[in-house]
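J.: The primary structure of each chain is shown beneath.
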Amino acid sequence: MRTLGTILLLATVGFSPFAKGSFEENAHRYMSGQDIIWSLSMFFDFSKNSNNKEVCTELRALNETLAGGNSPITGEPISPSPTQGTVLWITGCIDEYFASYNVLVGDPIRAKRLLGEEFYKSVTDFRLWQPWADVPENLQRALIRHMVAAFLGSDDVIKDFGFIQNPDDFREQLFIAAQTRTQATILQIVTLLAMNLSVRDEFLSY
Amino acid sequence: MRTFKVLIAALIVALSLFANAGTPAQTETYFFKLSKSLRGVPPTLEEREEFAKAVQAGTAEAFLQKKTQEYLTDDKFTFKLKQKVDELLKLKQQREFDKTPKETGTSYDRLVSEVIQSNSSWDQLLLAKSYHYMPPIPWDFLSSYNEDAFFFIPNQGHVPSPSFEDYLVPDTKRVERHVAFAPDDLRIAGVVTTPRFFGRYVNTALNKNRRRAAAVFRVFLCDSMAPSVPATDNQGEKQDFDTIFPGHSSYTEDDIRRNTQADVHGQLMDCKSCHYKLDPLGQVFGFSAATLAPLPAAGSLTFKGQDGRAVAIPLRGLGDMAQALIQQTEYEKCQVRHFWRWYIGKDVPVSRHKEQELVKKFNDLGRKTQDFVSYLVSLPEFKERPQALTQDQLLARRAVNIMKNCNDCHQSQDKDPDIRNWDLTDLPYSQDADERKDAIRLLRKNLDIDHDGVGKKMPPKDSLWKLSQDDFAILRDWINRGAPDFDGNAQVSPKGTP
Chain A
1229 MRTLGTILLL ATVGFSPFAK GSFEENAHRY MSGQDIIWSL SMFFDFSKNS NNKEVCTELR
1289 ALNETLAGGN SPITGEPISP SPTQGTVLWI TGCIDEYFAS YNVLVGDPIR AKRLLGEEFY
1349 KSVTDFRLWQ PWADVPENLQ RALIRHMVAA FLGSDDVIKD FGFIQNPDDF REQLFIAAQT
1409 RTQATILQIV TLLAMNLSVR DEFLSY
Chain B
5 MRTFKVLIAA LIVALSLFAN AGTPAQTETY FFKLSKSLRG VPPTLEEREE FAKAVQAGTA
65 EAFLQKKTQE YLTDDKFTFK LKQKVDELLK LKQQREFDKT PKETGTSYDR LVSEVIQSNS
125 SWDQLLLAKS YHYMPPIPWD FLSSYNEDAF FFIPNQGHVP SPSFEDYLVP DTKRVERHVA
185 FAPDDLRIAG VVTTPRFFGR YVNTALNKNR RRAAAVFRVF LCDSMAPSVP ATDNQGEKQD
245 FDTIFPGHSS YTEDDIRRNT QADVHGQLMD CKSCHYKLDP LGQVFGFSAA TLAPLPAAGS
305 LTFKGQDGRA VAIPLRGLGD MAQALIQQTE YEKCQVRHFW RWYIGKDVPV SRHKEQELVK
365 KFNDLGRKTQ DFVSYLVSLP EFKERPQALT QDQLLARRAV NIMKNCNDCH QSQDKDPDIR
425 NWDLTDLPYS QDADERKDAI RLLRKNLDID HDGVGKKMPP KDSLWKLSQD DFAILRDWIN
485 RGAPDFDGNA QVSPKGTP
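Residue numbers (the numbering used here), protein chains in the order written: chain A, 1229 to 1434; chain B, 5 to 502.
Bear in mind the hints are in silico, worked out from the structure with no lab data behind them. Hints are not guaranteed to be accurate.
In silico negatives: residues of chain A with every beta carbon more than 12 Å from chain B [what the hints assert, rightly or not]:
#1 L1332
#2 W1360
#3 P1364
#4 N1366
#5 A1378
#6 G1381
#7 Q1407
#8 T1408
#9 Q1411
#10 L1415
#11 S1433
Below, computed lysine-lysine pairings styled on DSS-like, alpha-carbon distance capped at 27 Å [unchecked claim]:
#12 B:K71 / A:K1340
#13 A:K1281 / B:K80
#14 A:K1281 / B:K96
#15 B:K350 / A:K1387
#16 A:K1387 / B:K70
For clarity, every value in this text was computed on a predicted model and none was experimentally measured. Glycine included, each C-beta is placed from N, C-alpha and C at the ideal position.
Could you put the whole structure together from the sequences, leaning on the hints where they help?
T.: In structure tokens, the structure reads:
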């Protein structure tokens, strides 16, 4: 029974990225493809990506179907809600960004926006390629706290959205998940957190 | 005991997933929604700090109003609303934000953007008589929208020839052109007389500008003329062709020539339900093919209003068409519904009473774009927290979606005023329980819903639109559940209950 309870509780995390009801008839409105690009550009400058930067900075035939575009014939969305392709598009762009670009050196404004003032100031001592395990726990938690707030909003906004009932628990789960990656660098953890948060409904819809 | 606690915790979590809060979103959530809806991005971190300070100071409302005005003047708001207009006109959307509208701007793009940015009356989309645009690149022979040819040939009889220097001028140094027509120029009607509109709705000798007329009816009067949409399967296409050209298999060459001239298709009853509107309005486009016509052409704006009145306004040209359109109540209702759909959502129904309120506000605000959007985002319907629909609420929306097709015919051509004025998409059908019962009984009988339409009277046998088996299943389920309205309240007793 305890296992069942745990499974049910974890299921709320597993299923929460998906909106209730259909895109056409539910009151959750997903951002348009252009909105998604604009919102991501608050944290990432995808023009610095080495590969396929146009796919991450502009809507084209290649990515339009992934970004909620309308069929010109019917005027209706090609897909009623974000698909696996949408997730791959967003996470692919983020992955490429961190692989191509030294965000700390190249774009301190976005770096502070992404990492938070507290973590940004301390990480110059660590550099992003240092092991995550070497970062003091209070800074680890500060980073997670900041990134959740930056992408999803304050605790009130998160709770009001309806998927996450306890933001503290959510942050704790992210912290535990980060700790399990014992060999990861700071950059890898930041990349994973950014990917996870940027494909959540709380970020993509309103 | 432990098992019991775990089960209760799991139940609480499971219920929370389907919680139907129905309470106004908290102010900060509203702030996020405002920012994302109007300009496509969440509030910046700096804005959130300012908001937190405003909340502490007790000035959150004033802060949100200030931010609303700021977002409405943001370039991103203009871009987003323009994209919605592009979708409405079924035009290819402009994708590149950074290059819009001055660098790429066609006359259509610039006009729509200017109407939004300058907070002009929405009517300017039809009434505008001047255009700005970037001239085409001289060597770009494949440029789709040759604005110069469209506007200058009718006026001057020729296109300004590029000089040798023009060929040397880089793209970024092209100087925009401005073409202004007289305020009483009968040939000009805002977005309708732009190369993009003409290019999208191409005219042919057979079509006779009806495609353009249909677009005008759909966009400005929300008259989509659904019954005239032909079938797409082989069987349906053959049936439609036989209806349009009866006896065509035995046509001689003379018959074919005669039919091309006589326009037989436009004389048949079922076709006339749309053609009596399309043909007179199509004439107003005159001889416009790829460019603006040098002279205005006469025609008329003809349709049956939603209140049953017959509208037949003679027009001297497209300029008159624009003036006539903006004065129709159907135009006002149609435009406010577009805005409602864009900013509140198409899944949030608009009652007749609400529609009247919106129209009044639209007019009181001088039909100004930004002002009306500002009003919409202050409504409780915008602030309400999202909630999942119940099965009955969802069913009502699906049933009404099918009934829209019935409205298209009945509201335009039914001789019985009671039927003509009955909006099948407006639930509940009456405040009186007996009237509601009669209405549902009539629907059930005339569509023969219980037998998948075997003995149906409606739609008529020669109608181009027919209900599918899925449609019958939805309507049957809806009626058996008491024909619930949009709030999920049964209009009649569900089947099996007294």
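J.: K1387 of chain A and K70 of chain B were given as a pair; does the straight-line alpha-carbon distance stay at or below 27 Å?
T.: holds, 26 Å
J.: So is G1381 of chain A really clear of chain B, every C-beta pair being over 12 Å apart?
T.: violated, 6 Å
J.: Quick check for students: does the CB of T1408 of chain A sit more than 12 Å from each CB in chain B?
T.: holds, 23 Å
J.: Just to be careful, I want the Cα atoms of K1281 of chain A and K80 of chain B compared with a cutoff of 27 Å; is the pair within it?
T.: holds, 21 Å
J.: Verify this label for me: N1366 of chain A is non-interface relative to chain B, using a Cβ-Cβ cutoff of 12 Å.
T.: With a cut-off of 12 Å, N1366 of chain A remains clear of chain B, as the shortest Cβ separation is near 21 Å.
J.: Is A1378 of chain A truly not at the interface, in the sense that its beta carbon sits beyond 12 Å from all beta carbons of chain B?
T.: violated, 6 Å
J.: Confirm or reject: L1415 of chain A is not an interface residue toward chain B, with every Cβ-Cβ distance exceeding 12 Å.
T.: Given that every Cβ of chain B is farther than 12 Å from that of L1415 of chain A, nearest at about 22 Å, it holds.
J.: Can we trust that S1433 of chain A is non-interface, i.e. its beta-carbon lies farther than 12 Å from all of chain B?
T.: violated, 8 Å
J.: Per the stated criterion, does the least C-beta distance between Q1407 of chain A and chain B lie above 12 Å, as a non-interface residue requires?
T.: holds, 24 Å
J.: W1360 of chain A clear of chain B by more than 12 Å, beta carbon to beta carbon?
T.: Non-interface label stands for W1360 of chain A: nearest chain B Cβ at 24 Å, farther than 12 Å.
J.: Are all C-beta atoms of chain B more than 12 Å from that of P1364 of chain A?
T.: With a cut-off of 12 Å, P1364 of chain A remains clear of chain B, as the shortest Cβ separation is near 23 Å.
J.: Just double-check Q1411 of chain A for me: nearest Cβ-Cβ distance to chain B has to come out over 12 Å.
T.: holds, 32 Å
Comparing the model with each earlier hint shows violations of hints 5, 6 and 11; every other hint is respected.
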